[in-house]
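Number of protein chains: 4
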Amino acid sequence: MSKISTDMVGEANSGRDKALQADYAALGEHLDRRGIDIEKITEKVAAYGVAVPSWGVGTGGTRFARFPGPGEPRDIFDKLQDCGVIHQLTGATPTVSLHIPWDKEDPKALKAKGDEVGLGFDAMNSNTFSDAPGQAHSYKFGSLSHTDAATRQQAIDHNIECIEIGKALGSKALTVWVGDGSNFPGQASFTAQFERYLASMKDVVKALPSDWRIFTEHKMYEPAFYSTVVQDWGTNYMIARELGEQAFCLVDLGHHAPNVNIEMIVARLIQFGKLGGFHFNDSKYGDDDLDTGSIDPYRLFLVFNELVDAEQRGVKGFDPAHMLDQSHNVTDPIESLMQSAMEVQRAYAQALLVDRKALAHHQQTNDALMASQTLKSAFRTDVEPILAMARRNKGAAIDPIGVYRRSGYRNAVAAIRPASAGGSGGIV
Amino acid sequence: MSKISTDMVGEANSGRDKALQADYAALGEHLDRRGIDIEKITEKVAAYGVAVPSWGVGTGGTRFARFPGPGEPRDIFDKLQDCGVIHQLTGATPTVSLHIPWDKEDPKALKAKGDEVGLGFDAMNSNTFSDAPGQAHSYKFGSLSHTDAATRQQAIDHNIECIEIGKALGSKALTVWVGDGSNFPGQASFTAQFERYLASMKDVVKALPSDWRIFTEHKMYEPAFYSTVVQDWGTNYMIARELGEQAFCLVDLGHHAPNVNIEMIVARLIQFGKLGGFHFNDSKYGDDDLDTGSIDPYRLFLVFNELVDAEQRGVKGFDPAHMLDQSHNVTDPIESLMQSAMEVQRAYAQALLVDRKALAHHQQTNDALMASQTLKSAFRTDVEPILAMARRNKGAAIDPIGVYRRSGYRNAVAAIRPASAGGSGGIV
Amino acid sequence: MSKISTDMVGEANSGRDKALQADYAALGEHLDRRGIDIEKITEKVAAYGVAVPSWGVGTGGTRFARFPGPGEPRDIFDKLQDCGVIHQLTGATPTVSLHIPWDKEDPKALKAKGDEVGLGFDAMNSNTFSDAPGQAHSYKFGSLSHTDAATRQQAIDHNIECIEIGKALGSKALTVWVGDGSNFPGQASFTAQFERYLASMKDVVKALPSDWRIFTEHKMYEPAFYSTVVQDWGTNYMIARELGEQAFCLVDLGHHAPNVNIEMIVARLIQFGKLGGFHFNDSKYGDDDLDTGSIDPYRLFLVFNELVDAEQRGVKGFDPAHMLDQSHNVTDPIESLMQSAMEVQRAYAQALLVDRKALAHHQQTNDALMASQTLKSAFRTDVEPILAMARRNKGAAIDPIGVYRRSGYRNAVAAIRPASAGGSGGIV
Amino acid sequence: MSKISTDMVGEANSGRDKALQADYAALGEHLDRRGIDIEKITEKVAAYGVAVPSWGVGTGGTRFARFPGPGEPRDIFDKLQDCGVIHQLTGATPTVSLHIPWDKEDPKALKAKGDEVGLGFDAMNSNTFSDAPGQAHSYKFGSLSHTDAATRQQAIDHNIECIEIGKALGSKALTVWVGDGSNFPGQASFTAQFERYLASMKDVVKALPSDWRIFTEHKMYEPAFYSTVVQDWGTNYMIARELGEQAFCLVDLGHHAPNVNIEMIVARLIQFGKLGGFHFNDSKYGDDDLDTGSIDPYRLFLVFNELVDAEQRGVKGFDPAHMLDQSHNVTDPIESLMQSAMEVQRAYAQALLVDRKALAHHQQTNDALMASQTLKSAFRTDVEPILAMARRNKGAAIDPIGVYRRSGYRNAVAAIRPASAGGSGGIV
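Chains as they are written, first to last, in UniProt numbering: chain A, 1 to 428; chain W, 1 to 428; chain L, 1 to 428; chain P, 1 to 428.
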């Protein structure tokens, strides 16, 4: 089983081309009346890419159960194959982000598979939130911040190993997320635990190549349910500052307290030179890891509004990494990742339409209504023709989900890959 | 000072007509490819109306301060005048909802003024959450649920008075929102307080004409900060059930706990025949009373998706009242109300575009991704040309905000109406 | 390995008896000055019991990982053994609540083991939120509310099977919690899904013996992340009403939206005759399932304040079931369940100390401060001597955790029970 | 009208002395068994003081209404008189925190009144969240961060004026809280607004005497409902760092997002040397400003647990300011402030009882259950006899509320001070 046939993509595109041309022309004329050159937007969208997480192509689950689908990837090579399909059809996901030890394989073989499916390697991800089989020290009570020095050293070594693997693959960044924290008041000393975390991370940073960046990720709660070491952007910022010039903060859209203004946090991190990048997804309650843009698309747009604003202001050193991080429990993961990559592009395209000169004027004159409408009018513009044209122009599919379904890819891999066991861990 | 000149509206429309026709034609062609007749949507949007709250045309405030603008309405007649402008320019707000005692005036004079500015009268609103000057019993510790019988009777009588006034005006509904509750655990008996509330409301219902409805409104908190008698839709439903066939639940979008799925509550109330209507607004934190659609436009769409679904299913007795309820602290209230009325129409138009046959199929087959995209594709369609055309066709303004600003209405009334004092109540 | 030796308990109690007698006498004198007879409180506490969940004696986990401890129970017989220790040392947990299919075994063997360890059987729990091996139809997209009739029937049959097993064990109630819902707007029709749920539940109720009760449990979210069929007490109440006289609502303290006033919900359900019982635990963020009373002990007290109030008012038919439902990720489950059972007793004892006559007077006169302090002064009374004396008097341990640790029980069972595998499902 | 008669206090204390001695002795013996010297705790509690806010002695309100009580203070001299009563009866509130311009009077007269009633002056509070009559520039769209330079300068000058007044009174700190932010996405540039804020604050800091501190206070929302300039502790920390060595962060317990772990924020600020102090109060929903300890007393204890821990660790430069900040809508403000001051003392006393050596051991060995119980056992100790004895020993009242009520103070001042108008601002 290989990629989707190029002929099939071309044929499907042909059937949709006339309607796309009509929609694109109409939108072009409309945008022209607003003083916007549609071609420039299309070019920018075409040049945009978001990384997919290797673990995202497997069906996710909750603590209650996991319900796998047909054709679950057996290993990282299957995962790379699936990721290749995503990029082939959307043209929007040129890189994959690996997770160690889940994806630990011979780097040469990984690189060869990446080349085969047309994918590069984005940030490496370490895992010290679960115990690997045979691991000497358990992370039950923490990893980089554990009270036991040997456990901390094991976690440090694991992160350094991730860097080593990444170097062989051409990655240029390490993402560190830990679940360390506590479940009860008193269980841990907030201060001592954070001091240990910082000391461990400094050891990791020592192993970082000079052209790499290290991203730390904050999260309010889960798996720890009373306190988490890196609980919010305030602590995350302190970490990035303590760790030095190569350290930056990663923002996962689902990792904040209810009602928090995330786009404002993004702006603050940009202002203080510490925005490292994103884990895109969507959520209604907690770290729901739903498909990007599926719950609150305006919030996603407002985040991109800050990014485009920083880009256009030419903020020094501004270069955030973009990655999807989702858990697909009820959809085909390939479909969800394709759709999500397109939703990220959509928000980017909409943000590019914002009349920033008018916005600045309304802000300066405190014209709240017109300022609000300036954003809303960009957001409500249907940029689908732009996204579709960008895909079409680079040989991807005008309708990726449709082509994917018609291709029979899922059934084909299901015939090769054995059925995966689901079930429950007995945890309620 | 009278309404905006019709000539000015016509002239402004002329200047925008060509672009509108182009956008409308393009959208029509696009929708035609999706099997939708744009004209039918435009007709439905044109027939849609939302009531404006009389109190909404004055600048609002917080407990910290109130910052009035120029030309604040002095009384209900000024308010009706302002409301008339909103309807003239948007064609979307044919009725006004009055608040007693704030708007208490001779009904004949009110009706005459309504006729003059082209407005009818929607639901009446009672006020037992603040003390009117000279009031015999204070509502400091509650009104309809107060421990003191005389205070309860006063609140009952006030509600009956609202009905009487409404009868003279042609209103057909009474909306009852109370702030009754408690600030501390123990302050009130949850049960006894609710029993008193129910008993009082039953007395109010006795005075309700047979062709009226009574709407009760739930709210999680504020002004009571520990418990509120009608705290959520569960309690609200029980009230409506206890009060009988004329009683229904009113949903204010900002009155729920964080993260709550409001559209699902709407569906439940429809299912059990007790959805009375809406107070539309938007919010990020609590009862922020921001402009409708300004914070989470997709949530507004999802509410309308339920309404259109019920309408098209022909749910028996389904006839919710639609009203704006906002507090305008930093904008010209007339502008915010015009924009909000249009946002409500936008959500309605988008919901009308949902391919319900396809949606039902995806739901039946548990195709979560396509179901989600069926809603998203309706939502992301830019229906602005439909709204504008609906306005244009009925002689309202293609660009209501633009015309309003050019008309000089605010300056004209500011020249007549004295400056309003702002300041703070010294409450922090 | 059997229970803890009675001698060890007695010996440990002897060493603590003098201090306990002193503390108890001092508290008795103090309470006497407040007009309270300590003996009557002690008797009530001694008579109080809370059920433990069979699944609670195994180490829990999150979707990220599970870190088992030594001596994890291998099956329901091991679980009953562990539960027996909990009751032996605390004297507070006379019954166990089983979970099917996890605990499915020959009822006679179960009953014999229960008799052996001194435990009865509380409510039965069905499981349709995960797929059992070999199950014909998957619950990936729902169970009792699934769009597919055969899947619904399978879920109905499973619930009926739970009733059958329970009948053989002497249980008198079935608890039904389902994770049915949706992850994306549009995935499910709120209304049709709820109709299917109600129809299925009616079939289950038909199989309910006349002396049984059925408890339905609401939960805001998880495992479904956009909507849940039984999302709050409002829907839960409707279910109980639709299902008839044997149906009641179960309240899990961690299943509500942020900031919700849970004790008020308890009061409402009591008032309308539909409070079925509790799943006690504590939480800071979501359904954290932490040890009862560990995060917000005053909230637990306020819930018991409602229960004692209802008890003393003699509310007709008031008979809620009390059960712990926790997930123990970082503690020895036996210790956590012992401590939690005592925390529930503590809240009950404190609530018994409330001066209800004074409280009623303060409520009637709107003396918010004194009403609040009436509750606070009951809450802040250190009732530990009462709890300890109640345990001592019935032969349980004055210090259950201390005796348990000294007994070496955990090491002893670890020597018999093989190590359990932890690890991660690869779900982030 | 003067203070409460000393005789009355003494007489009331006499009547309660025997019971207090008995309770105190019993607690002393109990604590002795736990290795704690009760006298040392009592001494520390006696030495503890919390500042009262001058505005707190007037009845507060919400945006819906304000319901004043009898005897509302007419001016700052009345307020100081009321504050004097609070300190006389509790012995726990030796200083008052003033609010300018509300309390703007001749400093000599203020100081004389302070001396008369036995009160010193704590941190000064500026007000740029409401417009004072005759003010040249409005704060409707912001103050220190306003887009208009003249408005910013006015706000800067006002803060400097507060410093000047404070210098004359012997204050040593300025607290700055601003409501600046925005109500709609787009209304303000997050970055430019924050840059303006920082620049203004730097000008204020220039005017700060070398022995003063400046406290900035963060708040998630209200009065701004989309974004707030100083929205959380992350931004607050950045401010304190930018402003230099005299700048610190103030924590108001009610100013955070739902579910946030506040005690952890306190620990972080201590760790990085930027904890300035507290505005104590309690809340269930938002900035409810309820009486301290009335909603979640365990949370208050956990905050004090961090403070005592830092104190005992001898953290360099650790010297947080303690102040109450509440709004009293349904209670007599004097009573609420007395009770709240005692609740703060209670949390302090409980935190002093924590066995820190045992706690450190449990933390080091990851004994989550015993660590949790170490805190819980300190918290559940009823320290009321310690607080009462500390009051008694310094001539304050054993039962401050009781003495206050019997004194007839409220009626006496009501006879002198005219009734205050309540009512509503017409803002819904």
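Keep in mind that the hints are not guaranteed to be accurate.
Copies of the same chain look alike in the list, so a pair counts if it fits in one copy or across any two.
[To be verified] With a straight-line Cα cutoff of 35 angstroms, these simulated DSBU-like cross-link-like pairs (lysine-lysine) come out:
hint, residue 1, residue 2
1, K3, K357
2, K394, K274
3, K18, K108
4, K274, K108
5, K40, K206
6, K274, K104
7, K18, K274
8, K18, K206
9, K140, K357
10, K316, K140
11, K18, K140
12, K357, K394
13, K3, K140
14, K274, K202
15, K394, K202
16, K3, K202
Everything labelled a hint here was simulated from the structure, so no lab data went into it.
The hints, checked one at a time:
1. For a Cα distance limit of 35 angstroms, the shortest separation of K3 from K357 across copies, 33 angstroms, qualifies, whereas the shortest one inside one copy, 45 angstroms, does not.
2. Taking the closest pair of Cα atoms, K394 and K274 come within 35 angstroms of each other only inside a single copy of the chain (33 angstroms); across copies the shortest separation is 53 angstroms, beyond that limit.
3. With identical chains, the CA atoms of K18 and K108 are never at most 35 angstroms apart, being 44 angstroms at best within one copy and 61 angstroms at best between copies.
4. Taking the closest pair of Cα atoms, K274 and K108 come within 35 angstroms of each other only inside a single copy of the chain (33 angstroms); across copies the shortest separation is 49 angstroms, beyond that limit.
5. In this homomeric assembly, K40 and K206 never come within 35 angstroms of each other (Cα to Cα): the closest approach is 42 angstroms inside a single copy and 48 angstroms across copies.
6. Taking the closest pair of Cα atoms, K274 and K104 come within 35 angstroms of each other only inside a single copy of the chain (30 angstroms); across copies the shortest separation is 43 angstroms, beyond that limit.
7. In the homo-oligomer, the alpha carbons of K18 and K274 never lie at most 35 angstroms apart, since the shortest distance is 45 angstroms inside one protomer and 48 angstroms across protomers.
8. Proximity of K18 to K206 under the C-alpha cut-off of 35 angstroms is found in neither arrangement, the shortest distances being 56 angstroms within a copy and 59 angstroms between copies.
9. Proximity of K140 and K357 under a CA criterion of 35 angstroms is satisfied inter-copy only: 24 angstroms between copies versus 53 angstroms inside one chain copy.
10. For a Cα distance limit of 35 angstroms, the shortest separation of K316 from K140 across copies, 33 angstroms, qualifies, whereas the shortest one inside one copy, 41 angstroms, does not.
11. Taking the shortest alpha-carbon separations for K18 and K140, neither the intra-copy value of 58 angstroms nor the inter-copy value of 39 angstroms comes in at or below 35 angstroms.
12. In this homomeric assembly, K357 and K394 come within 35 angstroms of each other (Cα to Cα) both inside a single copy, at 32 angstroms, and across copies, at 34 angstroms.
13. In the homo-oligomer, the alpha carbons of K3 and K140 lie at most 35 angstroms apart only across protomers (28 angstroms), although the nearest pairing inside one protomer, at 41 angstroms, exceeds that limit.
14. In this assembly of identical chains, the alpha carbons of K274 and K202 lie at most 35 angstroms apart whether taken from the same copy (17 angstroms) or from different copies (23 angstroms).
15. Proximity of K394 and K202 under a CA criterion of 35 angstroms is satisfied in neither setting, with 43 angstroms inside one chain copy and 52 angstroms between copies.
16. In this assembly of identical chains, K3 and K202 lie within 35 angstroms of each other by CA distance neither inside one copy nor across copies; the values are 43 angstroms within and 49 angstroms between.
Consistency with the previously given hints fails for numbers 3, 5, 7, 8, 11, 15 and 16, ordered from lowest to highest.
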